[in-house]
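Colleague: Use these hints to put chain B onto chain A, whose structure you have.
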Amino acid sequence: MLQSSKCAAVEPNEARPNSQRIRGSARERLLILLLLTLQTAALTWIDWQTAPGWDEWGHLPSGLFHLQYGQYKPYCVNPPLVRTVAALPVLAAGGSIRWVEQPNSPGWRSEWVLRSIFLHAYGERCFEFFSLARMALIPVSLLGTYLLWSIGRRFYGRASGWVAAILWCFSPTALAFGGTIAPDVSAAVFGFLAAYRFYIWLRMGTWSSAIWLGVATAIALLSKSTWLILPPVFAMLWLCDRIMHRRPPWAADARQWLVGFAIAWLVIHVAYDFRGTLRPLGSFSFRSQLFTGNDSPSGATGNRFADAWTGRIPMPLPADYIQGIDIQRTEFEAGHQSYLFGTWRDRGWWYYYVTGVFLKEPVALWGLIALFVVGAILRKQRRVSWREVVVYAPGLAVLAFVSSQTGFNHHVRYVLPFFPCLYLIAARSVAVIDKWIKVAAFLFCGWYAVSSASILPRSYAFFTEAVGGANQGWRYLSDSNLDWGQDLLTLRDWANANPDKRPIWLLYSPEMLNFRLLGIDATNGQPRVVGGRPAAAGWWAVFATPMTAPENKWFLDRPATIRLSPTLKLIYVSPDELEAIRNGDN
Amino acid sequence: MSVFLKQQSLLVLSVCCCFGIAAQSVGADEPGDIKLDEQQRAAVTKFLEAANKVWNDDYGNVHYKMVQTWEYPNRKGEKRRVVTEIKYWSRDNKYFRLDTKTIESNSISPVVGERRRVVVRPDGFVGLSARSAGRPMVIVEWGTTEQGLDWLLGDFSVLASVRSHNLRFAIIEIGELVGSELIDEVPSFLVKKGIERKLIGVTLLDGGSRFEVKWTRNDGPVTGELTMLCDVEHGVVLHCEGRYLRDGIVSSIFEESKEYEFEKFRRIPSYYRSHLDESGSSEAVKYWKTIEFRPRLVDWKPVSMGIFSLEAQGVRSVAPGSVWGRRLLTLLVGLVLLGVYVAVKQVRSRGTE
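Sequence order for the protein chains is A and B.
Quick note on numbering: the first sequence equals residues 1 to 586 in the numbering used here.
Quick note on numbering: the second sequence equals residues 1001 to 1353 in the numbering used here.
Worth double-checking, as some hints may not be accurate.
[What the hints assert, rightly or not] The calculated lysine to any residue pairs, modelled on SDA-like cross-linking and capped at a C-alpha distance of 20 angstroms, are:
hint	chain 1	residue 1	chain 2	residue 2
1	B	Lys1065	B	Lys1214
2	B	Lys1345	A	Trp207
3	B	Lys1035	B	Arg1273
4	B	Lys1079	B	Trp1089
5	B	Lys1094	A	Arg516
6	B	Lys1345	A	Ala252
7	B	Lys1345	A	Ile263
8	B	Lys1345	A	Arg516
Rather than coming from a laboratory, the hints here were simulated on the basis of the structure.
Isolated chain A, as found in the complex (with noise of 0.2 angstroms):
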């Protein structure tokens, strides 16, 4: 049977990627290490210079629940597996977190509970975990880089791969989430990595490749539900390819998907110790008008399928995996307001992500893209192949579904499993035999580098140079894309250094840290803007994303006294002043 595989998995002569992997010379070795060092140097700088962004602050006390207590629903709306393994150096530190009831109330996130209860333990101490945390992570970004080099190499030759890896580790966006303990980074490695492993499955058709699929398709599914959209696109890539190319008989193909959809089971399950296997559908209490069948939000709880003959199928996934989906989806129904050009609404954009995509990108990206197409136009570019399309089929389709998804739009970071292929498709521009087009490329490729470099280690901040760079940035895009209040480090340092500048409003997220707790000398100020204007004197320190809210309009407007970076800024508000404000002389 393995034999008749391997027969059937021969292609016919047609223009497709080397079925070769390229070894890499004494030499390339030596650069890609230095490469990845490069990587390693800008993702620990970022660990340790910028504060935790706004969700970090709930994922690493969940981890450590998860390591501790064997208990998964905080943070469920994200799978466990990557806040897990960057909660291992914190315990071994000595961090911990007590023991919270979880309330069997669908819905409730336990994660801000946790987050307070990490926050009042450890205080300032924090900061060093979260740092810690993050260099758990740091192997995630470097896959990146490795995969990128080794698939361009074997797709396009050795120069695509090089602009790959090159445009993935100095990728604004993958630097500012590498250098987190969000999922989206490793969420984008392992998807790519699973579609890789799915291309290598279509091609050799072999019981271990199988295997390798379940297990990636697994640690995808593990990073970010996602990626639930991976077997549907594998099935349908699968139906595909099995039209396109002669492959081995159905019945052997079907029992390699059973040994690989086996595989993936174990491996899913065992990430949450075996907890909520094989729940039947009808027993769970769901909240979003698509489990409950609600025709509005109402809140009230529900399961559609409980009198149903499907409420008795047992689910192939973890409870609280599927309970984290429902609550995402009916964040998702009851929408959210949306920040996109200076534009505030009560739903998203479809475009978005599209948009997001070129805001949050050097400008050299776009010149390699050009180049492709004018290699393409002038024929020199090779034809596209179907297996090739594989690969970047389910980092297409992450970003054709996360943008049919306008109940909300916050994070251009969602769409980072599409960051790979459009870095695989820029790296091609280079697979061409004119010497003049590589040149420009290469050029192109120095210039995103630099680009990238100049902002860290704020590389959350980082907009494009065609809108003006970052300190333009609050024109276009707010949230996780513009400030995520990574600048808290450097407020507390500021605060150290000017014991005299008191007192010290916050303009954060309101009212969602004790920053005393954390040593900073601040008060959350959202309180204190009264009709969009101070209601008391002192050091307004204003966050971009909070600036960009519409009640906060008059610290938009108002210039810096002092600005500490592009998305932290100082207002000084003098006692006649705030009178004058009172008065309404300002």
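Modeller: Just chain B now, kept in the frame of chain A:
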């Protein structure tokens, strides 16, 4: 925030709005149309100062037990009655704790035995709840002091008892009407912008020991006419009533009255009753409710700081045992499966040789 507590807060907020508590932001309005004479101004100012003192001092260190009876109709119009025991502690006006327990209920929610607790301190707050008598209290919120104060002051049982809501309302609303700003910090749930107010009159009673103040509020399509009877010396509100009109039609009428035994309970009302009737409302569901409070115990002796411990909350729920045994077992099974796989592979490769 738990759904239950959130709903409670929203309910309280809506009640506050109906009762006209929602006040304009500090210093953002103009005095009313009428001018107060010297005697009237002196009485109002004295009331405001006393009321503010009550707010800041008298309620800063207290422990009380109170029984709240809440009557209202359900959707079918059937009368529902819920009796809740309330325990409240405060110290130095910085540490607060509120415990509530449903002791009688003929409603689906809350059920008898349902409990809630909120502890607020300068370093944060914690909120707990238990859905029924047998269940342990579970932490449902742990946040900043500001959030905690919003929770605490947003709780009707606090507002209507020790943190007397029409007292707070009076300080803010009357203060703004007469152009006197005594309060710097207004809880966010009390802030509502864009309300126009006009002072209609202030009538001194009983030789100036009491006064009655009347004014109107205009909040878009809703206008209100309100009257409040205030005790100048003690700085408390004795009676408050008003009616709201939507498009000229009466949409709700409310009335609140309090009785005080100043010797026994100082400024904490010995009896409080509030009645709201929205039967004139154009809404499909007609609504009314009556709430009464009766104190059982009031004590001003400083309470132990242990009462306000955050760390001690919710620890009675039992943590699961170690999870590592289970994980080691899983690892062992994994290794066995791997061993089987390798063995099969070796046997096969020998077979092909």
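Colleague: Now, for every hint given, state plainly whether the structure supports it.
Modeller: How the hints compare with the structure:
1. B:Lys1065 - B:Lys1214: Judged against 20 angstroms, a Cα distance of about 33 angstroms means the pair is violated.
2. B:Lys1345 - A:Trp207: holds, 11 angstroms
3. B:Lys1035 - B:Arg1273: violated, 33 angstroms
4. B:Lys1079 - B:Trp1089: violated, 32 angstroms
5. B:Lys1094 - A:Arg516: holds, 16 angstroms
6. B:Lys1345 - A:Ala252: holds, 18 angstroms
7. B:Lys1345 - A:Ile263: Cα-Cα ~17 angstroms, so holds.
8. B:Lys1345 - A:Arg516: Roughly 61 angstroms separates the two Cα atoms, so the pair is violated.
Of the numbered hints stated above, those contradicted by the structure are hints 1, 3, 4, 8, listed in ascending order.
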